[in-house]
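Work out the full structure, taking the sequences as your base and the hints as a guide.
Sequence lines, in order, name chains B and V.
Using my numbering, read the first sequence as starting at 1 and increasing by one per residue.
Using my numbering, read the second sequence as starting at 1 and increasing by one per residue.
In short, the hints are calculated from the structure, not lab data.
Just so it is clear, the structure is predicted and the values come from calculations on it, not from any experiment.
Here are the simulated SDA-like cross-link-like pairs (lysine to any residue), alpha carbons at most 20 Å apart as the crow flies:
| hint | chain 1 | residue 1 | chain 2 | residue 2 |
| --- | --- | --- | --- | --- |
| 1 | B | 304 | V | 226 |
| 2 | B | 223 | V | 441 |
| 3 | V | 112 | B | 222 |
| 4 | B | 223 | V | 289 |
| 5 | V | 291 | B | 360 |
| 6 | V | 223 | B | 114 |
| 7 | B | 291 | V | 363 |
| 8 | V | 223 | B | 113 |
| 9 | V | 291 | B | 365 |
| 10 | B | 223 | V | 283 |
2 protein chains.
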Amino acid sequence: MMIRVAKTPSETITERKDEILNQIDSSSNKFVEQLQALCRQPSVSAQNQGLIETAELVSKFLKETGFTVEQFSPSKGPPIVFAELSSKTGRRTLVFYNHYDVQPVEPVELWKNPPFSAIVEDGRVYARGASDNKGNIASRLSAINAFLKVTGTVPCNIKWVIEGEEEIGSPHFSEFITRYKERLTGDSAIWEFGGLDYEDRPLVTLGLKGMLYVEFRVQTALKDSHSARAAVVENPAWRLVRMLDTITDEDGRIMIEGWYDDVKPFTQEELEVIRAMPLEEHSIRDELGVKNFLYGLTGFEFKKAFYGNPTANIAGIWSGYTGPGHKTVLPSVAQAKMDFRLVPNQDPVKLAGKLKQHLVRHGFADVEVGLQAENPAARTPIDAPIAKIAARAGREVFRKEPVTLVTSAASGPMHYFTNILGLPTVAIGCNHAKSNTHAPNENQRIDVFVQGSKWIARVIEEFAKQA
Amino acid sequence: MMIRVAKTPSETITERKDEILNQIDSSSNKFVEQLQALCRQPSVSAQNQGLIETAELVSKFLKETGFTVEQFSPSKGPPIVFAELSSKTGRRTLVFYNHYDVQPVEPVELWKNPPFSAIVEDGRVYARGASDNKGNIASRLSAINAFLKVTGTVPCNIKWVIEGEEEIGSPHFSEFITRYKERLTGDSAIWEFGGLDYEDRPLVTLGLKGMLYVEFRVQTALKDSHSARAAVVENPAWRLVRMLDTITDEDGRIMIEGWYDDVKPFTQEELEVIRAMPLEEHSIRDELGVKNFLYGLTGFEFKKAFYGNPTANIAGIWSGYTGPGHKTVLPSVAQAKMDFRLVPNQDPVKLAGKLKQHLVRHGFADVEVGLQAENPAARTPIDAPIAKIAARAGREVFRKEPVTLVTSAASGPMHYFTNILGLPTVAIGCNHAKSNTHAPNENQRIDVFVQGSKWIARVIEEFAKQA
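Shown next, in the form of structure tokens:
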């Protein structure tokens, strides 16, 4: 039996770094199984499927790991899980944000395996939610578990927020923030996602775009009828087409008056980081088989647009008969869903107003607009200490030069953390570039799942050491 | 026992007119049951559902009534039923056209009863196909049956064509016409539909619009992806929207170059008939809850447009996520179905070429165009004897002044009868204005079903008497 000499806490942990990383390796099967269990529990927020059950399962795994767990029930919607774990050795506090809900699985017919089967093939777990965002939850649990198993504590306090409506725009997250604001004090935060790019370089992401999600509905008659009447009765699909065609130009530029007024351009410092960022152009081109990008974008301009442009995307459109063959119907209703991604300083509420004014100005006052979600953009400064820790730890774990992203092109409620709670926030995790997030055959690479745990563990340790 | 004195055939039938009409009344239950049986056998040609079974059932009912029946099998597609019944007393020949296929039932959720249940409520049979076109088949069977029961013969030869692909544009009907042309000689023809207008006036319809049915498909990526990429990757729904918006202007006028070049305008004589035609404007307004029509159409101009304008109708459009809630997806494919209705002298094949040229000219050469159906328009002259017989018989049976329609606003393969077989053709039958044809809750009024049989019987009798 080996006799251990008492050391100062930080020395203890530093010396035990390899033990902790080995612990992550040796318990990886257990946490892959937790990931599979989470994936097999459907949790589609858009369809209100299995959310309460998933919140329970997440709470169970947190408690088993050692967290104190409570569930906050907003006025509507599923619970938000809030977990705490105090450090016996450190005084600093790191806050995690994740979400247990997932995107809808449609189109189901394009999945190789049932979307909630969580089958392991080619070293990946295939399931809706495997990558976004259950992989990160289980991967972080594995990191925390390793500290507890090896050292009996975590080196800093951990607060963990896991909500269930991220994929539908976090409509009740503000209630939670209002109620828990005092308890959500901390020094920095780790956002839900992150991982490796197309060349397996670790990505450290410092911001998110905002989001305005709307649903349009045009009705021109009480009911569908024979399309012979198209000679005299207006077709709502034509009306929807014409309305949509006023929103963007051929290149995707948004034609709504004043849409770009408040856009805060990238700083010179940010532009330099963007210039150094790798180009996703070729990987996206290969993955999607796309020959040319909008505006003919390429190189630095491609990157500036990808990370800096507000977008207007038709996420869905439907009217009339969409089945096989030939039906001659004059539809009575036409609908579309659109997501607008926003950049810093754009205010989604103000823009929703501009959209409605645009419809009136172009003679589409009759088009119904349902606002489904709104979040402003968020951005953490390039020189925030947590950004540097995340990059250093990423370099160490993955043995590749990390890439700092000024912002992601994606969206989420990060502004609650950065703007309201004042937490410098970075997004790092265990995702990989070909995870098919939001698409059929979503998957989580198991090797990145394990390495991602180590990355989080190294960040926790280095963060705890800071004064 | 009454002793009957032999009479000449036409006298016999004339004197037995009331007996024949009474026979129709007394056997009405039997033929409503045949209608229900036909409706309970689904036959959706767009979805290749139950067509062979329905051809068999139709053949069975024809044989039971007394017809000689054969089925023609085209190179592809379901059988075309051809039935013959020779007269013992008359030499003239009347040809019927009907179809046993029906439109798809979608959207199923708007039906009060299952679409193939054929439930009787409020004196109507509710089912997909009850009105279009199984009601007319069963109603005509009832008329023929009455002649045979009362007089032992029909007063003229009857040839009856019942196809199974009318609702998908009759893609194999030309094969049948080519093969059976010699056997399809006759003096006049009765088309598949017809009946009462909104004010229960009998309609005699002398023509049909033609049809060009196309499906568009735009693909901009190999697969759907996260809508964050909308900043750089083209969305096929935008592309489809922009392409469609070049096809018509705000009022529905078709902007494809040369689309109206060959349009034959109404003759002065036709315009006079149109002027006398009742206005469907208010009934359509009430039924559909429409406030204003295209171009602000009203009165005579409304009628001219309804019956005389080529149309361009979006029968279906779809892309991306169309389920409940909020999904942020960048679709890879967007699709639309369009039916173009054509008027006399417009050639669908030529117009399909113009459509494709239009796409190229506007930079949409990448949009795939699938041609699903094509029929030119058909029109029988206003002064054709069968038109006058149909009007007189309608006046007699319904005790209302009949309405002659120069053309229907709907479409079908009538040109094979009028242009290729040279048969003056009228459309009369047992439909009614609120039958919800091609829409949920399609229904057949039983009173009109029975009166429609009498109308057909009176037309057969008067037609047989002609020199």
